[in-house]
Amino acid sequence: MNLTLKIWRQKGPSAAGSFEEHKVHAEEDMSFLEMLDVLNEQLVHEKKEPVAFEHDCREGICGTCNMVINGHPHGPQRGTTTCQLHMRHYNDGDTIVIEPFRASSFPVIKDLVIDRSAFDNIIQAGGYISVNTGQAPDGNAIPVEKQDASQAFDAATCIGCGACVAACPNGSAMLFTSAKVSHLALLPQGEVENGKRVYDMVNQMDKEGFGRCSNITACEAECPKEISVDNIARMNRLYVKSVFAGTQGNEKN
Amino acid sequence: MWITRFLTSSIGQKWVMSLTGLFLITFLIVHLLGNLAIFAGDNGQAFNVYADFMVHNPLIKAVSFGLYAFILIHAIQGILIAIQNRKAGGKAYAKKDTQGSWASKNMALLGILVLAFLFIHMGDFWFKAKFGGDNAIAAVNYGNGDIKDLYSQVAISFSKLWIVIAYLIGLLALAFHLLHGFQSAFQTLGLNHSKYNPIIRGIGIAYGILVPLGFAALPVYVYFQQTT
Ligand code: HEM
Ligand code: SF4
Ligand code: FES
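If you read the sequences in order, they're chains R and U. Under numbering that gives the first Met the number 0, the final residue of the first sequence carries the number 252; numbering is consecutive throughout. Under numbering that gives the first Met the number 0, the final residue of the second sequence carries the number 227; numbering is consecutive throughout.
Treat the hints as calculated values from the structure; they're not laboratory data. Among these hints, one or two may not hold up.
To be verified - For the chain R half of the interface with chain U, some residues (derived, Cβ under 7 Å), not all of them:
1. 103
2. 235
3. 236
Note that beta-carbon positions come from the ideal geometry of N, C-alpha and C, so glycine has one too.
Turn these sequences into a full structure, and let the hints steer you where they fit.
Quick look at the structure:
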């Protein structure tokens with residue numbers, strides 16, 4: 000199939016950037032990233048700068064292949080990352096608009112590559128459990144209820160891609176942060192530090208300049224791992240509980 | 000202090016929106032039920048007696064000051080959040096297809112329309128009744144001394160077509176504000192459960208349609224009563 004790509008080009012973080020149009024020939028069994036590989040080979044042949052885009056696993060688990068395709072983070076297919084999107088969803092003659100994720104907390108580094116350090120800072124603020132290293136504990140030594148295990152696992156499937164922020168008109172990181180809060184909060188190993196964790200992670204999220212949640216739920220619709228906004232409600236509960244029960248730990252003023 | 004830190008946090012700011020919003024939702028029911036007295040068809044007697052009771056009841060007076068404060072807090076906080084969110088959202092997409100309901104993406108616009116309506120509404124009734132001086136509103140006597148004939152003021156206002164239309168626009172905005180706001184308030188508080196979500200949603204839709212419709216019926220009724 001022959002496609003027209005309108006693709007965002009930006010030389011650096013402070014450069015203005017604009018759309019560039021390219022024709023590309025793709026096969027329907029190619030993935031979206033393979034189609035971009037074809038474009039880049041073409042550009043190299045023409046002695047032009049290839050389009051910078053991030054990718055690593057190409058199997059839907061690393062969360063780096065971030066771009067907005069025709070207005071949808073990770074493209075039109077529900078519950079699918081860009082690398083798992085295939086060209087059979089497109090037709091000969093289609094025009095595809097490709098832009099980087101947009102949010103003031105995710106500055107563009109180059110072309111489609113954005114800086115997601117803000118997410119790392121949120122994880123560092125509390126997205127862990129404090130355990131001493133040593134022997135691996137026995138698998139079933141701590142019993143966990145099936146329902147809690149399932150919900151924790153669902154939340155843990157978040158790959159930290161940032162599509163939730165890109166999808167949100169408010170640039171809010173509530174879905175990501177709440178997934179990271181939830182998958183630890185529901186397990187006995189994580190529960191002991193719940194108050195401090197949620198408090199520190201939400202405050203870091205605010206510091207990074209993400210927006211407030213209007214419960215639009217565009218995040219849930221666009222999330223490649225279909226993380227539920229139920230996690231946001233859980234985080235709201237846990238945050239307020241930590242503040243009013245005074246379990247947020249030693250506060251730094 | 001911990002409480003100011005809470006109230007300025009993202010979740011704290013949304014709790015303020017949610018709690019003040021739910022208070023306003025409760026108020027609207029009481030306000031609507033009282034105003035149904037206009038439908039009594041007794042030339043406003045039931046309505047005037049009800050209004051006189053409300054104005055002189057100290058408890059209602061106290062609650063009404065809370066009400067003014069909550070509307071202001073809700074409106075100011077809402078506008079501040081909207082400004083902040085617009086900044087956080089970053090550059091607009093060239094091709095935009097944002098998921099989610101239209102109302103949820105336009106809460107600030109809907110809120111500002113409601114606020115504009117509230118200014119017209121308050122200016123017309125509350126301001127004239129309170130600060131308009133002794134002659135602004137005529138008195139009536141139903142056998143228990145003079146009371147303000149607020150109904151006559153209602154009738155004058157709702158005889159003007161532009162006021163009736165302004166009310167309908169304001170109430171339409173309120174309906175959309177509530178269709179998203181009602182269930183959103185519960186999600187903000189963390190009151191979310193797969194068992195109860197459909198109930199909250201259902202009540203929200205019923206409330207968001209019926210209450211604005213009830214309010215809209217008042218100016219329309221009074222207008223047509225006078226023109227026919
Ligand atoms: C009687 C009138 C009103 C009622 C019953 C009402 C009710 C509500 C409710 C229940 C919410 C949901 C809160 C949440 O998401 O947690 C809300 C949100 C909101 N309201 Fe109102 N409201 C009223 C008037 C106003 C006014 C006058 C404004 C002025 C600008 C306003 C601006 C907003 C905004 C911007 C939000 C969205 C906040 C967000 O989700 O980020 N509202 N309202
Ligand atoms: S919640 Fe979904 S969209 Fe957001 S970072 Fe995690 S996987 Fe990506
Ligand atoms: S490249 Fe790893 S998720 Fe797409």
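For the restraint on residue 103 of chain R, tell me whether the closest CB of chain U is nearer than 7 Å.
holds, 4 Å
Under the criterion of a CB-CB separation shorter than 7 Å, is residue 236 of chain R in contact with chain U as hinted?
holds, 3 Å
Identify whether the interface hint at residue 235 of chain R stands, where standing means a beta carbon of chain U within less than 7 Å of its own.
With Cβ-Cβ at 4 Å, under 7 Å, it holds.
The structure shown violates none of the earlier numbered hints.
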